[in-house]
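All chains should be modelled from the sequences, with the hints used to inform the complete structure.
Sequential numbering of the sequence shown, starting at 101, is according to this note's numbering.
None of these hints come from the bench; they were simulated from the model.
Errors might be hidden in some of the hints.
Dumping the calculated SDA-like pairs for lysine to any residue here, alpha-carbon to alpha-carbon at most 25 Å [what the hints assert, rightly or not]: (1) Lys274 - Gly290; (2) Lys187 - Ser163; (3) Lys188 - Ala291; (4) Lys188 - Asn256; (5) Lys188 - Lys141; (6) Lys135 - Val245; (7) Lys191 - Asp229; (8) Lys135 - His282; (9) Lys262 - Arg210; (10) Lys191 - Gln255; (11) Lys227 - Gln158; (12) Lys187 - Lys227; (13) Lys191 - Arg281; (14) Lys227 - Gly290; (15) Lys227 - His301; (16) Lys180 - Asn219; (17) Lys141 - Asp229; (18) Lys141 - His282; (19) Lys187 - Pro221; (20) Lys187 - Arg281; (21) Lys227 - Asn285; (22) Lys262 - Glu276.
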Amino acid sequence: MCGISPALVFLYAFYFQCVYLSDVGRLKNAAALKKLMLEEKIIPDLIDEAPLYAVTVQYRGRSFSFGNKVTVFDIVETPKVLNWPLKKGEKYTLIMTGLDVPTRQDPRYREYLHWLVVNIPDQNLRKGDHFGEYEGTVYDYQQGVHRVVYLVFQQNGTLHLKDDHHHTGFMKVKRENFSTRHFVNEYNLGAPFAINWAEVHESCDIVTPPDPAINDEEDEDSS
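As structure tokens, this is what we get:
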């Protein structure tokens, strides 16, 4: 059984009451998000800064909601809804990555690249360049909890990736030990633009925190 401890329930309740996370706009309290990322060790295991925006990630049966629990079966196929606040005319990079490979206690293959799309115009994934096709099921994940993170970066221009960044099919060798930090530095992507994540488990009884309140304020840079 894998429920949520009373302490974690309290954390979620505090977070959703105080942060007022928006799936369509700026986070009202980025400091609270950074605190949660530090507690979940997204910082520093993956990145060093907390973004100002949220990525909406909705699968057929469950959504990503900043550390909630999903099963390996929930993420087999691509999300049905995937979006983030837009700045017209900009291009984006999307990274979906797993941090705990094969386990959180022994992450010797960190990271595992689930998905990599660059040069996304607005949110049109079909028009982006897919250097890592979507791979939801990862047989390298051993028993336990695995943090899977969606990150979006706003590009400074068109990216021209090297051949060694092609991650096609189920070529584990190229997907294992992927480094988001190295990739970001190599292509000058800067600070992350938007984020969301979940804890992926084997099939079990899952308790999901309530959906966050929607921020009715629109960011002046978004459209």
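Quick one, are Lys135 and Val245 close enough, alpha carbons at most 25 Å?
-> holds, 20 Å
Does the structure keep Lys188 and Asn256 at a Cα separation of 25 Å or less?
-> holds, 13 Å
Between Lys141 and His282, does the CA-CA distance stay at or below 25 Å?
-> The given pair, whose Cα atoms are some 18 Å apart, holds under the 25 Å limit.
25 Å limit on alpha-carbon distance, applied to hinted pair Lys262 and Arg210 | holds, 21 Å
Lys187 paired with Pro221 [C-alpha distance capped at 25 Å] | Distance of about 10 Å is within 25 Å: holds.
Agreement of Lys191 and Asp229 with the hint, judged by alpha carbon distance not exceeding 25 Å = holds, 11 Å
Would you check the hint for Lys188 and Ala291, treating anything up to 25 Å between C-alpha atoms as holding?
-> holds, 19 Å
Pair hint Lys191 and Gln255, alpha-carbon separation not exceeding 25 Å | holds, 6 Å
Would you check the hint for Lys227 and His301, treating anything up to 25 Å between C-alpha atoms as holding?
-> Distance ~32 Å between Lys227 and His301 Cα, so the pair is violated.
Starting from Lys187, check that the Cα of Arg281 is at most 25 Å away, please.
-> holds, 24 Å
Starting from Lys188, check that the Cα of Lys141 is at most 25 Å away, please.
-> Violated: Lys188 and Lys141 sit about 32 Å apart, past 25 Å.
Within a Cα-Cα threshold of 25 Å, do Lys180 and Asn219 meet the stated pairing?
-> holds, 20 Å
In the structure shown, a violation is registered for the earlier hints numbered 5, 15 and 17, in ascending order.
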